[in-house]
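Chains as they are written, first to last, in this note's numbering: chain B, 1 to 315; chain D, 1 to 386.
Check before you lean on any hint, since a few could be wrong.
Stated by the list, open to error - Cβ-Cβ distance ranges computed for the label pairs, FRET-style:
hint, chain 1, residue 1, chain 2, residue 2, range
1, B, 281, D, 360, 51 to 59 Å
2, D, 346, B, 130, 50 to 58 Å
3, B, 277, D, 187, 23 to 31 Å
4, D, 353, B, 139, 38 to 46 Å
5, B, 269, D, 187, 52 to 60 Å
Hints were generated in silico from the structure; no laboratory data involved. Just so you know, even glycine gets a beta-carbon here, dropped at the ideal spot from N, CA and C.
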Amino acid sequence: MNDTVLVLSIASAIVAATPILFAAIGEIITNRSGVMNLGVEGMMLVGAVVGFWAGNETGSLTMALLAGGLAGVLLALVHAVLAVTLRVDQTVSGLSLVIVGGGLSSYIGTSGDPGLLSAPNGVEVDPLLPAALRDLPAIGPIFFGHDVVVYLGVVVVIGSTFLLQRTSAGLSLRAVGEDPAAADAAGISVVQMRYLATAIGGLGAGIGGAYLIVAIVGTWQNGLTAGIGWIAVALVILSGWRPWLALVGALAFGGLNGLGFTLQLAQIDVPSDFLKMMPFVAAYLVVSIVSGNPARARKLAAPAALAQPYSRENR
Amino acid sequence: MNRQRLSTSRLLASLLFVLALVAAACGGSDPADESAEETTDDAATAEESGEDFSDFKVVMILDGSAEDGGWNTTHLRSGLKMEANFPGIDFSYVEEIEPGQPATNAFQDAVDAGADLVIGTTFYQFDMIDVAAENPDTYFLTWAGFEDQPNVGHFTQATEDGRYMDGIVAGSLTESNIIGYPVGFPFEEVNRALNAFTLGAKEVNPDVEVRAVYLNTWFDPAIEQQAAEALANAGADVIAHEVGSQVYATVMAERGGYVIGYTNDWSDFEPEAWASSFLIDWSTYYIQQVEAIIAGEFEPGISYGGLAEGWIEFAPYGPAVTDETLALIDERKQGIIDGTFDMFEGPIYDNQGNLVIAEGETIDFADRNACCQWLVEGIVGEIPSS
Chain B
1 MNDTVLVLSI ASAIVAATPI LFAAIGEIIT NRSGVMNLGV EGMMLVGAVV GFWAGNETGS
61 LTMALLAGGL AGVLLALVHA VLAVTLRVDQ TVSGLSLVIV GGGLSSYIGT SGDPGLLSAP
121 NGVEVDPLLP AALRDLPAIG PIFFGHDVVV YLGVVVVIGS TFLLQRTSAG LSLRAVGEDP
181 AAADAAGISV VQMRYLATAI GGLGAGIGGA YLIVAIVGTW QNGLTAGIGW IAVALVILSG
241 WRPWLALVGA LAFGGLNGLG FTLQLAQIDV PSDFLKMMPF VAAYLVVSIV SGNPARARKL
301 AAPAALAQPY SRENR
Chain D
1 MNRQRLSTSR LLASLLFVLA LVAAACGGSD PADESAEETT DDAATAEESG EDFSDFKVVM
61 ILDGSAEDGG WNTTHLRSGL KMEANFPGID FSYVEEIEPG QPATNAFQDA VDAGADLVIG
121 TTFYQFDMID VAAENPDTYF LTWAGFEDQP NVGHFTQATE DGRYMDGIVA GSLTESNIIG
181 YPVGFPFEEV NRALNAFTLG AKEVNPDVEV RAVYLNTWFD PAIEQQAAEA LANAGADVIA
241 HEVGSQVYAT VMAERGGYVI GYTNDWSDFE PEAWASSFLI DWSTYYIQQV EAIIAGEFEP
301 GISYGGLAEG WIEFAPYGPA VTDETLALID ERKQGIIDGT FDMFEGPIYD NQGNLVIAEG
361 ETIDFADRNA CCQWLVEGIV GEIPSS
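For reference, chain B alone in the conformation it holds in the complex:
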């Protein structure tokens, strides 16, 4: 493998990491409020198909991302109604969302004449920075060659870390996820906070799906996300619910993305199915290591009230 292949592969990995990152940051915020939403894959699919449609109608990347994000929010609110208001089992509701999202996205993709299947991509996604910077050897393609959304991903990581750790809204959000009864007693509306956090999760997944389709794949097909939503869920666990670690993990998983083929081309035979398994193996390992060590467990553990419905009457 020469330098160019390595440099180009790293650049591809960074782009591939971006949809995973958006979905994972959204899910971290949802989880931090105590809501487990396993429906990331479904929300990404609906975000992708709606974003693709909006991109084709308007030719605008911003509109594609907004429409995709909004579609993700709407689907997330279905989960919020079930999980927060009706207090159904969050695992069941989240899994249902995957199925509903998958079916809904296929339906949207095939309805209309002509359908979105085999429709061309209406959005031009251009690099943000001038060619002088992009053409620098090695660091050019890796750091300066990307579109605006990739850099926005980094901003979102910084912003969400700041929100969670340094603002009173973030403190309230975490309080709701750790001890909703105490938060309730302190005058924080648990229901409101959880709805908001779940919606933000939908926004992240929807934007991730929309970016995946308009900037990376460029064509709609049923089941387009092919498990990226699940990788995002694994990544949330892996990162110990911390945006910075999610960024590192997303880059690693983005690198795994095309690695199977790069290795095949370098005549190194590693089955691509083995590589596809790695995010989940990594999640298992981290969960096992963390739960085996009380000190680490406290630092990187899940929000205490994660996936537990809160009912004021049952307190």
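We have chain B already, so just place chain D on it with the hints.
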């Protein structure tokens, strides 16, 4: 008071959820119904010859979406051509039927619906074997396969006739001398096409390297995108794909390279990146079979057809393909039809250095279906063992 409000909001929420579910459920079934209806209208156009085939029912079983723009679109297009040929014939199709139990059920449903002929577009032979045995009065055609049953016909296209020409295009367009070739699954038909493609590319460009990567899927845009990126990163400036999506065109357009399609005319999609694609027209075969069944002369077994049989055609070539290349392609096509050109004429070596076809020998057309378990010299890549 508080309790009252809570239960109202709960009721509303449940209603919303039920509505959402109903909407999703309705959505799932709609397109299939619509498309089944649509097809019957088209038949009216061919009502001139006076003959009426309205008591003959054909059901086509597609393994993917009819709008996949690839394999299944090709089959449906050929089916519609067949429908137009027989005024009044009852032609319908079902989509997204995976091999296995769903396929068995779909074949049985088609028989129960009164089909005289059921056409399966992928490797369904093991799913329909029992259905065919239990329903001797219904005829079945299925892509590929080999099981001998009196009411079953198998059909496979001589992809190599088309792929050799695509290879000539790719070999003449590449500047890096690296051509990417993502492969779905490794088996004879696919290896044969890859070999033919490479032989064609090497005829015009002996230095060319064809880099094969194995995807382990027929159709998965996300995986295809990764493969396309990896190939482009490794220097490929032409990608020839198999059944699959338009992702390859997207990636090649971005990098200023060229794409060679598979069985579909996508020349409008990324026009600058478009190079060529062979097409398959199954309608000749479908029409022959319907005629044979109606005449009571159906012959079971394997049918194999290429350029000479009218099964293989070509999409419009892209703007970058030169007249010189086109002239050579015409010459080779005529040579195949006349029998004066044989791409598999020895000596041919595989990419391990073994002589696989000796000087003066070849693989007879009738035996090509069983080829190849080797990859020709010039292909970088190995057939995976599993």
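*Take a look at whether the Cβ-Cβ distance between residue 353/D and residue 139/B falls inside 38 to 46 Å.*
Cβ of residue 353/D to Cβ of residue 139/B: about 42 Å, so the range 38 to 46 Å holds.
*asked:* 23 to 31 Å was suggested as the range; check whether the CB atoms of residue 277/B and residue 187/D agree with it.
replied: With a Cβ separation near 25 Å, residue 277/B and residue 187/D satisfy 23 to 31 Å, so the hint holds.
*residue 346/D paired with residue 130/B, Cβ distance criterion 50 to 58 Å*: Given range 50 to 58 Å: holds, Cβ gap about 56 Å.
*State, for the Cβ atoms of residue 281/B and residue 360/D, whether the hinted interval 51 to 59 Å holds or is violated.*
For residue 281/B and residue 360/D the Cβ distance comes to about 54 Å; the hint holds.
*With respect to the beta-carbon atoms only, verify the hint that residue 269/B and residue 187/D lie 52 to 60 Å apart.*
violated (18 Å)
Of the numbered hints stated above, the single one contradicted by the structure is hint 5.
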